[in-house]
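Visitor: Below, each chain spelled out in residue letters.
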Amino acid sequence: MNNRSLVSIDDFSTEEIISTLDLAEQFEKEPVQKLLEGKVIATLFFEPSTRTRLSFESAINKLGGKIVGFTDASSSSVTKGESLHDTIRMVSSYSDLIVMRHPIEGSARYASEVASVPVINAGDGANQHPTQTMLDLYSIRKTQGTLDNLNIFMVGDLKYGRTVHSLMMAMSRWNTVFNFIAPEELKMPDEFKLYLDNLGLKYYEHSDFNDIISKADIIYMTRVQKERFSDPIDYEKVKNIYVLRNSMLENTKPTMRILHPLPRVNEISPDVDSNPKAYYFKQALNGVFTRQAIICKLLNIK
Amino acid sequence: MKEPKQLSVSAIQNGTVIDHIPAKNLFKVIHILGLDKFDHQITFGTNLESKKLGKKAIIKIADKYFENADINRIALVAPDAKLNIINDYEVVEKKVVEVPDYITGIAKCMNPKCITNFEQVKTRFRVVSKKNVTLKCLYCEKITDQENMFII
Chain Y
-9 MNNRSLVSID
1 DFSTEEIIST
11 LDLAEQFEKE
21 PVQKLLEGKV
31 IATLFFEPST
41 RTRLSFESAI
51 NKLGGKIVGF
61 TDASSSSVTK
71 GESLHDTIRM
81 VSSYSDLIVM
91 RHPIEGSARY
101 ASEVASVPVI
111 NAGDGANQHP
121 TQTMLDLYSI
131 RKTQGTLDNL
141 NIFMVGDLKY
151 GRTVHSLMMA
161 MSRWNTVFNF
171 IAPEELKMPD
181 EFKLYLDNLG
191 LKYYEHSDFN
201 DIISKADIIY
211 MTRVQKERFS
221 DPIDYEKVKN
231 IYVLRNSMLE
241 NTKPTMRILH
251 PLPRVNEISP
261 DVDSNPKAYY
271 FKQALNGVFT
281 RQAIICKLLN
291 IK
Chain Z
23 MKEPKQLSVS
33 AIQNGTVIDH
43 IPAKNLFKVI
53 HILGLDKFDH
63 QITFGTNLES
73 KKLGKKAIIK
83 IADKYFENAD
93 INRIALVAPD
103 AKLNIINDYE
113 VVEKKVVEVP
123 DYITGIAKCM
133 NPKCITNFEQ
143 VKTRFRVVSK
153 KNVTLKCLYC
163 EKITDQENMF
173 II
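So the sequence lines, in the order shown, correspond to chains Y and Z.
So in this note's numbering, spot 103 of the first sequence is number 93, and the numbers just go up one at a time.
So in this note's numbering, spot 108 of the second sequence is number 130, and the numbers just go up one at a time.
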């Protein structure tokens, strides 16, 4: 990988994904390794995202790198009317790698074309968030021992959920069975189902959230957001249906694990947290190891 | 009364004739090919009768021959266009336009939240369907279909 960027998970081949996950495993065993000594990483957050930024900064700190950047656009020269093009050109000359979050879709791809250093997309609007996908893959492989022949249940907002779309696309590289559980208004869009059809992968759609989950290897929960509904009454009707409660987990596989990109609101009842099948907080920690691995891969350090 | 055998648009001795352009898209074709900046002799005809298109337009450009890659740029607005290469008043070669795999510039991404609609970025698309031309933006990864295609 020579001056490669990670804008979309599709930028990595399956082999590159696997080797990144392997490297992340090494960082889980030994998180503090001074591999970025003397390196400067720019973290440009044109919109605030505390969780993602802290995860990246933690990863960079554990690798001994230094951080420059800003945490929201109001403290950058964007307020003076500087274009993204100019900001990226300027920051390229100050840093060895750029981590960027930006509200406009496609901004990360554009930045990667303008920058003379690798760019990691930390979310570009509703488009891509590949490091989230990578940590989801890491969490799945770690808890199941494999990425092959798994039954993945995705629950909640499957229409607008960026993370479920990216994860679905990524998991379609392996032999995966998908089950989509969503209210009518938030069903998986046809273009993604067509994509699975073309690959010959099986998927099932359900509107009920019930015993069907006994087949799951992974339950990937997402938040059903009120603002997605044009009629607030429709939201009231579904808001309590797609909630995972501890009592529902009784007949699920012992190896099954629950993932959630966080933040959660009420879609996972707090009584699930103490169940060993709850994995979402550990999943967030995995984000640090996978981000360490991605940074090192793109800088050709490991 | 006998119909006079006459061309609606006068013939050229040498050059290129682009026929079967949908009449409503004539000016888009002119714009895409940059004909407004040519100093060659050019004649246009529009709203001519066509069995296939209803109303068609035709462009005759004297002493000009196009590269395939250049001419294929008009495929978005004139997918059925036919080219006749003229040499000494004779058609020496016929060509059809082909929808390319990738399109740079020309079309606007229909996603209002796409970076190409915020900064001066030349649009780039992968053609995902050639029949009913459908474009996938290489920046925001959203689809722009024929109905919503806007030529820049």
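If you are wondering where the hints come from, they were derived from the structure by calculation, not from laboratory data.
Please note: incorrect hints may appear among the correct ones.
[Unchecked claim] Pairwise CB distance ranges, derived in the manner of DEER restraints:
(1) Z/PRO134 - Y/GLU195: 44 to 54 Å
(2) Y/GLY135 - Z/LYS117: 15 to 25 Å
(3) Y/MET80 - Z/LYS152: 50 to 60 Å
(4) Y/VAL22 - Z/HIS53: 58 to 68 Å
(5) Z/VAL118 - Y/GLY71: 43 to 53 Å
(6) Z/PHE49 - Y/SER106: 13 to 23 Å
(7) Z/PHE172 - Y/LYS243: 42 to 52 Å
(8) Y/TYR84 - Z/LYS77: 51 to 61 Å
(9) Z/LYS152 - Y/ASN290: 31 to 41 Å
[Said to hold, decoys possible] If you only want the chain Y side, here are some residues facing chain Z, beta carbon under 10 Å, derived:
(10) ALA63
(11) SER64
(12) HIS92
(13) PRO93
(14) GLY96
(15) ALA101
(16) ASP114
(17) GLY115
(18) ASN141
(19) ALA274
For every residue, glycine included, the Cβ atom is placed at its ideal position computed from N, Cα and C.
Visitor: Determine for every hint whether it applies to the structure shown.
Guide: Verification of the hints:
For the pair Z/PRO134 and Y/GLU195, the beta carbons lie near 30 Å from each other, so the given range of 44 to 54 Å is not met. Evaluation of the 15 to 25 Å hint for Y/GLY135 and Z/LYS117 yields a failure: the beta carbon distance comes to about 58 Å. Between Y/MET80 and Z/LYS152 the C-beta distance comes to about 41 Å, which lies outside the given range of 50 to 60 Å. A C-beta distance of roughly 59 Å is found between Y/VAL22 and Z/HIS53, which places it inside the suggested range of 58 to 68 Å.
The hinted window of 43 to 53 Å between Z/VAL118 and Y/GLY71 holds, with their beta carbons roughly 47 Å apart. A beta carbon spacing of about 41 Å between Z/PHE49 and Y/SER106 contradicts the range 13 to 23 Å that was offered as a hint. Our hint of 42 to 52 Å for Z/PHE172 and Y/LYS243 holds, since their Cβ atoms are close to 51 Å apart. Take Y/TYR84 and Z/LYS77: their Cβ atoms lie about 58 Å apart, and the range 51 to 61 Å holds.
Separation of Z/LYS152 from Y/ASN290 is about 39 Å and conforms to the stated range, judged on CB atoms against 31 to 41 Å. Look at Y/ALA63: its Cβ only gets to about 13 Å from chain Z, farther than 10 Å, so that hint breaks. The interface hint given for Y/SER64 is violated, since its Cβ lies 18 Å from the closest Cβ of chain Z, which is over the 10 Å cut-off. Taking 10 Å as the C-beta contact cut-off toward chain Z, the hint placing Y/HIS92 at the interface holds, the least distance being around 8 Å.
A cut of 10 Å between beta carbons decides the hint on Y/PRO93: the least distance to chain Z is about 8 Å, and the hint holds. At about 3 Å, the closest approach between the beta carbon of Y/GLY96 and any beta carbon in chain Z falls short of 10 Å, and the interface hint on this residue holds. Interface hint status for Y/ALA101: upheld, as the beta-carbon distance to the closest one in chain Z is roughly 9 Å, under 10 Å. Satisfaction of the interface hint for Y/ASP114 is found here, the shortest Cβ-Cβ separation to chain Z being roughly 8 Å, below the 10 Å cut-off.
For Y/GLY115, the interface hint holds, the least distance from its beta-carbon to any beta-carbon of chain Z being 6 Å, beneath 10 Å. Of the supplied interface hints, the one on Y/ASN141 is violated, with its beta-carbon coming no nearer than about 27 Å to a beta-carbon of chain Z, more than 10 Å. At a threshold of 10 Å, the smallest CB-CB gap from Y/ALA274 to chain Z is about 26 Å, leaving the interface hint violated.
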